Each structure stands twice: as structure tokens, then as C-alpha cells.
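Participant: Spelled out from the first residue to the last, the chains are:
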Amino acid sequence: MSRRRILITGTRKGIGAYLARYYVSKGHRVYGCSRQDTEFHAENYRHFCLDVSDEGRAVQMFRTILQEEGGLDILINNAGVASMNHVLLTPCRSVRKIVDTNIIGTFIFCREAAKLMQKGRFGRIINFATVATPLKLEGEAVYAASKAAVVSLTEILARELAPFGITVNAVGPTPVKTDLIRSVPKEKIEALLARQAIGRFGKMEDISNVIDFFIKPESDFITGQVLYLGGV
Amino acid sequence: MVASPLEYFSLFFNMTAKNKIIHALFAAIDELNEIRPSDQALEKSSETVLFGAGGQLDSIGLVTFLVSAERNIAEMVGHPVTIADERAMSQRNSPFRTIDSLAEYIVSLLAEETR
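Just so you know, the protein sequences line up as chains A and B, in that order. Per my numbering, the very first residue in the first sequence carries number 1; after that it's consecutive. Per my numbering, the very first residue in the second sequence carries number 1; after that it's consecutive.
Quick caveat, the hints were computed from the structure, so don't treat them as lab data. From a predicted model like this one, the values you see are computed outputs, not experimental measurements. Honestly, I wouldn't trust all of these hints.
[Claimed, not checked] Keeping only pairs whose Cα atoms sit at most 30 angstroms apart, straight-line, the calculated BS3-like set for lysine-lysine is:
1. LYS119/A x LYS136/A
2. LYS119/A x LYS20/B
3. LYS177/A x LYS119/A
4. LYS136/A x LYS186/A
5. LYS18/B x LYS119/A
6. LYS136/A x LYS188/A
7. LYS26/A x LYS44/B
8. LYS26/A x LYS97/A
9. LYS13/A x LYS177/A
Work the whole structure out from these sequences, hints included.
Facilitator: In C-alpha cells form, the structure reads like this:
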């Protein structure tokens, strides 16, 4: 695949950090963002410090990308937060934080990315779902609900953006050993893995493999799909 | 009735602002014409009918045009501008009918911001 202009959210750590390094190593121009600064520096990588739910800062970042690159080819909406708790013990501030990052952040980035992509009549948007939604995981009500909203966004944006040559799909990872699941009790994780068809932790390569499939030029007839890993 | 100096200034300001906005909308037409078949190119005129009866744009064409227009006007005024909000959609006379009506609507939006 020729050099693409790729924006990845949440690139300071975890899956996002892996994806930024992975796509830079493939020779693409990568933009990344996170609330705090990154340790990753590369010639083809530029980092922005921002909260994905901060519309003003996000719009400014997209304006910079437009000025520097003249457009955008691929958005990987990786940034996300989780909070595991029983519903009776979940404060509204946790709910708002999850909604802000996972739903509003995803929405803002889809909208602004599509504005840059529609000019070139080509675009690939990859959102992040989770197996917590189809598995209806106890303790993950708000997180799973926020990702259910991301699935709906993905399915409807796929239709709204199809006339512009933009596909919108989502990858639904199983648990991967990152900070996001650090606070989840071990027995909960093991019970979750047991419900997968293939009962192991996900690897970073499992996720980039799905994204590689969605972004390849031959995948221009694939949109509005959610691909869950591990056989969920 | 004789207009006050303030009213004259306001009228002059709005005309100048409207002309600048029309130029920004013409730039959006240029961008749109780049991706449309040449026999469907939009004319750069304030009378050009955009949308609705006799309009030259379908809904996707209008969205494409408005995205460019919002970006051009944001560059002009130095901050993001939302043209197609709920209020625009609910107007009895659609502001998206012609270039002129859209420019008038944007002038009113920007004037409200400065109040």
C-alpha cells in the first residue's frame, strides 16, 4: 500500500502506542494524540496533546493536518476509557468521563476526519468496539453501553459517508494486556476468556491485522461492519 | 426616514461582510466544481440556486459544499463556524436556497456572535 496519512487517537500507551509505531514502520505519515505527551519520536510521527472530547482543540489539530498534508486517508479511533464497577456503585462523573471520551470523542474525530477525507473521495475510519458489548459483561455496563453507541455510530456513519468514498468499520478486541484491564480481577478476565471461541488474550498483532484488512484499497466494498476477535 | 450614522455604519459593515462571505462561498463552489462533471459546474453568482426547487445540488452535493463553506468562513473569521445547525434547518425560508440567501444567513450568524 502506498504512503497514507493516518491519524490514531490515544497513542501514548497500549494499543494506540503499538499502532503508531507499527504504521510509522510501514512508511506512513502518522499523527497521534493523547492527553499527555508521548515518549515516541519519529520523523514520520507528530503528536498532539489533547483530550479527544475537546472539540476546539480537536478541530485545531485537524486544521493543522489539512495545512501540512492537504487531507487525511485513515482515522483509527483508538482512544477509550473504561471503568469497571457495579451499577449501584457507579458515580455519574465516571459515566460522563466514559461518554465524553468513548462517544463524543469518537464522534468529533469521525466528523472532522470525514471533512478532510471527503475532498479526496477516499477515506477509512476504524472505530473501536469491545467484546464487552455482545458478551454483556457484568460490571462493564457503562463501558459496554458507550461502545454499543460506537457500534451504532459506525453502522450509520458508514451509510452517510459512503457517497464520499469513505468506509467506516470497527474492530472489537478481546482483552489485551494493557492498562485498560489492569483493574479487572483475574478471575473475571479468565471467565471472559472462557466465553471466547478461542480462549486467549488478544495480541496487538491481532488488532493491526484487522485494521490492515479494513484499510487496504481492496476493502472499499466493506463498510458498517464490526469485527469481533476471538470468535465472540 | 433618515438613517442615523450608526445605522449607515451597520449597513456598510453588513454589506462588506456579505461580500467577503460571498467570496468564501464562491471558493467553495470552485472546490465543488473540481469534483463535479464539467457540464454540472455551478455558476459563481449570488443568484445561483443551490438546493430545493430548481436547485443544482442533491443532498450530498449540499453537504460537500457546506463543509467547504464552513472551512473557508472559519479561516476568514479565525474560529470555527457552524452553518447547518438546527436553526438553519428549521427556518421557514431555507437559507440554503441560493448563494445570496446563504450569505445573508451567515452574516446574521456572525453578527449574533459579536453581540
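Participant: Does each hint fit the structure? Answer for all of them.
Facilitator: Evaluated hints:
1. Among the hinted pairs, LYS119/A with LYS136/A is inconsistent with the structure: their alpha-carbon atoms are about 39 angstroms apart, more than 30 angstroms.
2. A threshold of 30 angstroms between alpha carbons decides the hint, and for LYS119/A with LYS20/B the separation of about 23 angstroms falls inside it, so the pair holds.
3. Using a Cα cut-off of 30 angstroms, the hinted pair LYS177/A and LYS119/A is violated, with the two alpha carbons roughly 38 angstroms apart.
4. For the hint pairing LYS136/A with LYS186/A, the CA-to-CA distance comes to about 18 angstroms; that is within 30 angstroms, so the pair holds.
5. Between LYS18/B and LYS119/A the CA atoms are separated by roughly 26 angstroms; this keeps the pair inside 30 angstroms, and the hint holds.
6. For the proposed pair LYS136/A and LYS188/A, the alpha carbon gap of about 13 angstroms is at most 30 angstroms, so the pair holds.
7. A C-alpha spacing of about 44 angstroms is found between LYS26/A and LYS44/B, which places the hinted pair above 30 angstroms, so the restraint is violated.
8. About 34 angstroms separates the Cα atoms of LYS26/A and LYS97/A, which puts this hinted pair outside 30 angstroms; it is violated.
9. For the hint linking LYS13/A to LYS177/A, the alpha-carbon distance of about 12 angstroms falls within 30 angstroms, and the restraint holds.
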